Amino acid sequence: MISVWGAAAIQAFKDTFYGFGFFWLIVRESLKLNTHRGVGWKVVVMQILFTGVNAMAIIVLIALSLGAVIIFEGAQVLGVIGQKDLLYVLLVTIITRELGPLLTAFIVMARSGVAIATELSNMVISQEIEAYMAVGINPISYLVVPRFLGVTVSVVALTVLFSAAGLAGAWFVVQFIQPIPAAEYFSNLLAHLTVKDILASLVKSLAFGMVIAVVSSYHGFQANQSSTEVPVLVIKAVTRGFGLLIIFDVFITLAYLL
Amino acid sequence: MRHAVEGAPAVEFEAVTFSPGTVPLFQSLHLTVPKAACTVFMGPSGSGKSTLLRLGAGLIPPASGQVLYRGIDWYDLSDHDNAVIRESLGFAFQNGALWANKSVYQNIELPYQYHRPKADRQEVRDAVARAARMAGIQAQLGQRPSQLSLGEQKLVSLARALVMDPEVLFLDDPTASLDAQATEKQLLLFQDLKRQGRTLILVTQDPIVTARIADRLVLMKTGTILVEGTFAEVTRNPDPEVIAILTSVLSQAATFSGDILDLLSIDHDGGDALK
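If you read the sequences in order, they're chains B and U. Offset between the first sequence (1-based) and my numbering: plus 1194. Offset between the second sequence (1-based) and my numbering: plus 4.
The set of hints was computed from the structure by calculation and includes no laboratory data. Predicted model only: the values in this text are computed from it and were never measured. Take these hints with a grain of salt, some might be off.
Mimicking DSS-like on lysine-lysine, the simulated pairs with C-alpha atoms at most 30 Å apart in a straight line are [said to hold, decoys possible]:
hint : chain 1 : residue 1 : chain 2 : residue 2
1    : B       : Lys1430   : U       : Lys106
2    : U       : Lys106    : B       : Lys1226
3    : B       : Lys1390   : B       : Lys1278
4    : B       : Lys1226   : U       : Lys122
5    : B       : Lys1236   : U       : Lys39
Residues from chain B shown here face chain U by an in silico Cβ test under 8 Å; the list is partial [claimed, not checked]:
hint : residue
6    : Ile1204
7    : Gln1205
8    : Asp1209
9    : Thr1210
10   : Ser1320
11   : Glu1324
12   : Ala1325
13   : Met1327
14   : Ala1328
15   : Val1329
16   : Gly1330
We put the beta carbon where it would ideally sit given N, CA and C, even for glycine.
Construct all of the structure, not just a fragment, from the sequences and the given hints.
Below, the structure is given as structure tokens:
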């Protein structure tokens, strides 16, 4: 039993070590994107289109629902105990700082993370990656860097969209059930929304975007010979991605609170 | 910037060890592939021919030892030098390995665009058209890889390998899955490339291809080089193991063409040993 745990611990250490090395390689190649010959930006735009633009509808839908539920339930419950003003603290904490970035990241991981891991692992198996290497194109700079930049930019933009839809859009939804005067709602909301909250949200979304791109690419490249490896690697990418997102969320929240 | 060493062989394997899984395939392998000649790797399935080709082209790293391409260690190159050196190399894959999200035209175009970023559209078109003509796939340029047969995909892979007009061509079983007419066309192309002084490094099981274009034949058996030499030297080798492998490799082709062994025995006395 101990030897099994030991082997698992060594493997986890190796994976972490390789993961950081892979991350460093991506960052290094990202800094050189402008110097790459004739490749890169088009794939970045396509990745933003797929990860960002195509996910806008689902992000807005979830943000509106979550925001409306918090406003509706919050107004009811907090009204009973005479703490109606706490509604705005709750909204900012949940929508902007905590659940907003995390839910956005989960959705992007489930859509784009899965797509990246699947696409890259299939490319490894069909020797398409080797074909890039054979003609002198670095697969990290040509395939991973555009996905890394595209996913990171998209997660940041989608998190901002989530906050906007969850805070402002939800107010419109609630008007049909329990009207709150616009002046009262928005002035209170802005009074409780601090620069620190916005920064925490942006830092989280930036970190989450990088985690999603690195984890899904890393696992995509782990494929070897057989197409049966693809689902296994994709599941690994998603579970590890979700785990890492939560760990990063905890650390950034702790840094915010301290 | 590293440059190819003048007069160096095309590829040198020095004490190369490689294990694709837990079982080692190559152990301290030494081999020199001369330049401006056609070297053919032959051997039964699983003998490591394709792996050796990929090691030689720097697509997979050895566990230990060195693989030198024109005198330079593949793993001693910066990214920039690696990209520049690869302009002189073409690799045609056994399964085509075409980029599925690009058209046939884009598959051939990308290496040229990458290495010649300042080339105008007409120059790129001309280079693609020339490579497509050499491989005989002009009619397929507008199609997607998924619309092509395996044979056609291999021809596109060959065109992609040819588009930079390379000095060294690595060809992994280029004639498998091709009809007789396409095979004949490829043989003429390879002979033409040989006449131009290009280096061809081939993996094939096809005795006709081997007989017609091989300057050197390397016979392999599960990770070891059994024998190497000219075609005549290898087929004349009296070693029973060599004869057994030659027979097994050639038997399938002989089933389809009764005169293949005759061809070997006419051209090379050693062919008698196979009978």
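Now the hints, each set against the structure:
A threshold of 30 Å between alpha carbons decides the hint, and for Lys1430 of chain B with Lys106 of chain U the separation of about 28 Å falls inside it, so the pair holds. At most 30 Å may separate the alpha-carbon atoms for a hinted pair to count; Lys106 of chain U and Lys1226 of chain B meet this at roughly 25 Å. For the given pair, Lys1390 of chain B sits about 23 Å from Lys1278 of chain B by alpha-carbon distance, which is consistent with the 30 Å threshold. With a C-alpha separation of about 19 Å, the suggested pair Lys1226 of chain B and Lys122 of chain U falls inside the 30 Å cut-off, and the hint holds.
Using a Cα cut-off of 30 Å, the hinted pair Lys1236 of chain B and Lys39 of chain U is violated, with the two alpha carbons roughly 39 Å apart. Taking 8 Å as the C-beta cut-off, the interface hint given for Ile1204 of chain B is violated, the closest approach to chain U being about 17 Å. A distance limit of 8 Å between C-beta atoms decides the matter here; for Gln1205 of chain B the minimum to chain U is near 16 Å, and the interface restraint is violated. Hint status for Asp1209 of chain B: violated, given a least beta-carbon distance of 19 Å to chain U, over 8 Å.
At about 22 Å, the closest approach between the beta carbon of Thr1210 of chain B and any beta carbon in chain U exceeds 8 Å, and the interface hint on this residue is violated. Nearest Cβ of chain U to the Cβ of Ser1320 of chain B: about 6 Å, under the 8 Å cut. The hint holds. A hinted interface residue such as Glu1324 of chain B counts as satisfied when its beta carbon comes closer than 8 Å to some beta carbon of chain U; here the least separation is about 5 Å, so the hint holds. Hint status for Ala1325 of chain B relative to chain U: holds, with the closest Cβ pair at about 4 Å, below 8 Å.
Because the beta carbon of Met1327 of chain B sits about 6 Å from the nearest beta carbon in chain U, less than 8 Å, this interface hint is met. Checking Ala1328 of chain B against chain U by beta carbon gives a least distance of about 4 Å; that is within 8 Å, so the hint holds. Nearest Cβ of chain U to the Cβ of Val1329 of chain B: about 4 Å, under the 8 Å cut. The hint holds. Interface hint status for Gly1330 of chain B: upheld, as the beta-carbon distance to the closest one in chain U is roughly 3 Å, under 8 Å.
Going down the numbered hints, you'll see the structure goes against 5, 6, 7, 8, 9, while the others check out.
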